[in-house]
Amino acid sequence: MNTEGERMYKLAEKLFPICRSITGEGVVKTLSIISDCITAEMTIHHVPSGTQVFDWTVPKEWKIRQAYIEDENNHRIIDFEKNNLHVIGYSLPVDKWVDLDELKEYIYTQKDQPDVIPYVTSYYKERIGFCMSENQKNSLKEGKYHMYVDSELFDGSLTYGEVVIKGRTQDEILFSTYVCHPSMADNECSGPSLAAELINYVSKRDNRYTYRFVFIPETIGSITYLSRNLEYLKEHVKAGFVLSCVGDDREYSVIESKYADTLADKVLKNILSYHAPQYKTYSFLQRGSDERQYNAVGVELPVVAFCRSKYGEYPEYHTSADDMTLVSEKGFQGSFDVMTQVIEALEHNYYYRINIICEPQLGKRGLYPTISQKGSYDAIMALRDFIAYADGKNDLIDISNIINVPVRELCTIADQLDNGGMLDKKR
Amino acid sequence: MNTEGERMYKLAEKLFPICRSITGEGVVKTLSIISDCITAEMTIHHVPSGTQVFDWTVPKEWKIRQAYIEDENNHRIIDFEKNNLHVIGYSLPVDKWVDLDELKEYIYTQKDQPDVIPYVTSYYKERIGFCMSENQKNSLKEGKYHMYVDSELFDGSLTYGEVVIKGRTQDEILFSTYVCHPSMADNECSGPSLAAELINYVSKRDNRYTYRFVFIPETIGSITYLSRNLEYLKEHVKAGFVLSCVGDDREYSVIESKYADTLADKVLKNILSYHAPQYKTYSFLQRGSDERQYNAVGVELPVVAFCRSKYGEYPEYHTSADDMTLVSEKGFQGSFDVMTQVIEALEHNYYYRINIICEPQLGKRGLYPTISQKGSYDAIMALRDFIAYADGKNDLIDISNIINVPVRELCTIADQLDNGGMLDKKR
Amino acid sequence: MNTEGERMYKLAEKLFPICRSITGEGVVKTLSIISDCITAEMTIHHVPSGTQVFDWTVPKEWKIRQAYIEDENNHRIIDFEKNNLHVIGYSLPVDKWVDLDELKEYIYTQKDQPDVIPYVTSYYKERIGFCMSENQKNSLKEGKYHMYVDSELFDGSLTYGEVVIKGRTQDEILFSTYVCHPSMADNECSGPSLAAELINYVSKRDNRYTYRFVFIPETIGSITYLSRNLEYLKEHVKAGFVLSCVGDDREYSVIESKYADTLADKVLKNILSYHAPQYKTYSFLQRGSDERQYNAVGVELPVVAFCRSKYGEYPEYHTSADDMTLVSEKGFQGSFDVMTQVIEALEHNYYYRINIICEPQLGKRGLYPTISQKGSYDAIMALRDFIAYADGKNDLIDISNIINVPVRELCTIADQLDNGGMLDKKR
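Heads up: the protein sequence lines correspond to chains A, B and C, in order.
Position 357 (the first sequence) corresponds to 356 in numbering that gives the first Met the number 0; numbering is contiguous.
Position 416 (the second sequence) corresponds to 415 in numbering that gives the first Met the number 0; numbering is contiguous.
Position 59 (the third sequence) corresponds to 58 in numbering that gives the first Met the number 0; numbering is contiguous.
Honestly, the hints are just simulated from the structure, not real lab data.
As the structure is a computational prediction, the values presented were derived from the model and not from experiment.
Hints should not be assumed to be uniformly reliable.
Which copy? The list can't say, so a pair holds if one copy fits it or any two copies do.
Claimed, not checked - Taking lysine-lysine pairs in the PhoX-like style, the calculated list, with each CA pair at most 25 Å apart, reads:
1. Lys143 with Lys392
2. Lys103 with Lys136
3. Lys237 with Lys136
4. Lys329 with Lys425
5. Lys329 with Lys373
6. Lys329 with Lys279
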């Protein structure tokens, strides 16, 4: 039996070659592969092009079959078949011979990283465009070139997937990840792979919370999703996590919610402070993925983003260097371990209150050393501190933060006291 | 056409030679000169001696015509004509020959600065007194001396000036400066000169706020003014600034309000944090000018003090060394630039709220790059951050503080969005 | 006439030899000695064994007459007569010859401090036990040993003492100290000695507050006391102090209340910040004495603990090395000085408000320099700052903290202004 890390890496590998964009077959195929890997049902939604979603309009659907540039000798100097980053997202079709000067007007490179192909899109302005490395561009010789893109923009739909796993309450935990980038490993394939594995984890538990997983195109997808679900989400979502760039094995990162004051901020930071004390905190000023929409004015859901290396901060980001060598089973496993600890912490996160006045007599319950000597209480300080701060003012994560004991240990203590009938708990 | 700095320096030069005190002709003449330099009407108020103003009584008016000490050879060793600091403020008249020992009982010096003549007053206890440098005092020879002061204390009045420039609302911004020190450049002439120039600045704008400028004798003047206007001011003043020592070209200083929690504190610190990041903050414990009364128990107006070198902190303070060489056009201009930025920030300072749910689509409004590539958003981060925090909870200055962008830039952004109908604003 | 330090040291000396436990004759004798040293009446309470007190049951009473271990030559290797730490608290009786191996099962030592006899108890589980130094244990030779303890456990009572000194109001200040440890100087005898001296101090004053002093066995005693007085204490106690380890002359320590937010925290820290600026602050996580119960869920009284060297932190703690050489008259005197300053601060601690609008004219009241020159106000800054912050929002200790002037000086200022009719005050 495989580890979660191995399974996530394998799923990412399957998703990697697909040419995704914010609409079209790539998204559909991606959702279908994910759907096959999960133990819960995924609902697929299709929203027609032209649909008004808040301030935006669902764009036309983009289909691409083939694309290349060939030289006078019919040698293809770049080919979409070999790397789908070679065409800018939403490129219009073209079939034209041009000279080098004109060709260069259509070529996008990343000058500060001359070896890599950049990832470029032009969703909301119609353009033709190709991407290659700056080095390749510089090596092109004078002559005629054939620009060829066989693509079309048409009234189709925007597609997204949704998995809801009902819990004992209607309170919800939201996981959101995107399915709209072409072949990028960490910045695209890792998020859906982690989400899939978390679906399988959650499906096996008896849950207090209802868990909602959404697989959407970034920005336009979250806006579309929110336009259809905002009121319900505002009423029910207690914490949410955007998953992106979760497959590499470098640092851990939190991108805080707008005011860094939500349950999502609190629980994720608490877990990371034990799991990876050197984790990085980015303020909302450094946001970039769908936490933008979830925290937007009028939405204001309690959502943070979780990454290993944060998008926009690592050199391979949005280039052909973000490939399957950048991610690893170990990297995935770390992310999975963090998010499952987050889930466990949330599931146990009540406002606890000891229902006994003064300290309970722990001795008669076998919870206290029977001999009293200097040092004999050290082993039970977590228990005593939990009892002191379980006063109805703090939730479990607050108590963990106050008494400096991991939530995991406090869950055991809380259960022990709860079983002894000494504890009241409230949502 | 002169710069504001030049004009302010010139006005200060005119004001410098006048012998002012808390009452009397010096104040009247000062107000008259200022009145001639401003493009708005100044109302002059006379409050009779003996008037009860809260816990205080308006004192008698002091008039001084001449004062000197001469030696046995009728050589005037000090003469009020040459420097009006040579007589203590409110000195009683005297015309008496004394020997050196007796003379010394009437002489005040600044022992720790032996070169300078100190500024000394005795408003509330009747006294005769002369001031000179410690060095001069030490050089006096045995012999007879003629002490002569031709002054009188009589039932007259306390005079102050007031300029009110009506805005679109009754909400007010208060500027307060004093006109009661004799020949001191930074500690006296600079404040009224800056206030005059700000009057001219404000007169030319279309203002949201009503601007109130008061030119008063320090302490007794502000108490008198408050005793007549307290209820109105408490209802309408949203921020106030005491202007003192604003003509030198050293650091910038803020003296905070009592709890450092007013709009005046917030806006002045915000502006200085960009204009002069090394500015000095003094707590209210280091107060000293009329912010004392504006923040006093029962008054509690949102008022701070603004200085270049803070009164009481620079060596020339309250001595003959505080002359026109201490101030400069450049020093004045810096203060003017800060206070006009403060005014602009206040005028634009609303609680803004984006009236669109989720992020607005900036692309269709030409506010967003049409091509999406790594780094392409850096130029519009201020716009995006403004939109994120314009949620009705923050005023413009709060947003500036959160997103680290000067208010000046945010005004442009706010106008842009406002013109696009995307923004609600509230006082 | 002796100093307080001398008297406290002497009382501690009398209390030292007594073998105390949480019940029994030692407590009764201790209370009787204290009672003889105080100028107020102590009420002695006896609570029968078996009484339910919240989650606990008052234990049986323990009586011990004699205890020793002798070797084959009837040589007593340890003897309760010589040091009452040689028997564990609540040891069952025994009279049995055993070999060395079996003997060792009954011997408790402090391995990390091989020279000292540890203090060990087993209140809630019936055991036989002896204590000696690790060195002595290691030096024992093979052979037969006679374990002898002449003790009994029987239905008796738990005893505590209570002194209440009525003040002008029912608001109360609580002092709590324990009387349940055998021969330990700092960790046992110092607290009751200080409490006794404070009783004498308070008895001589005209008090605003009612002062309550309780002398109880630790833990079970405070629980018992609270079970009988909780509602009254919750209504009336405004600040409370557990006194423990107050006789040595090392640092000063505060153990904060649960959220470090009570009047007791505030006043004690304020006083220590002037008396001993290097004092140590321990969070409630490092609690250990009866502040545990006073801050427990459902109790939540505003109580901190005060120590010189904190219990549990100094090497002699809970060993035979905590003897009369560890405490000193000087150490006691320091604690007394701190706590009497605390009492004085509390007695004067009102919310003050100047009833004059704007600054009062201090000059006409003789409180202000009549000559005004640079530097002339330094001497009255405390007065001016008090007036600025006596605005009804701050109590006297808050003002002290804001303006950085000791409460002691502020009391004089407050009295001065109060006598002048310029001050309103509220509880």
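Consistency of the hints with the structure:
| no. | hint | in the structure |
| --- | --- | --- |
| 1 | Lys143 with Lys392 | neither (74 Å within a copy, 59 Å between copies) |
| 2 | Lys103 with Lys136 | within (8 Å within a copy, 86 Å between copies) |
| 3 | Lys237 with Lys136 | neither (50 Å within a copy, 61 Å between copies) |
| 4 | Lys329 with Lys425 | neither (37 Å within a copy, 52 Å between copies) |
| 5 | Lys329 with Lys373 | neither (44 Å within a copy, 27 Å between copies) |
| 6 | Lys329 with Lys279 | within (19 Å within a copy, 45 Å between copies) |
The structure is inconsistent with the numbered hints 1, 3, 4 and 5, although it conforms to all the rest.
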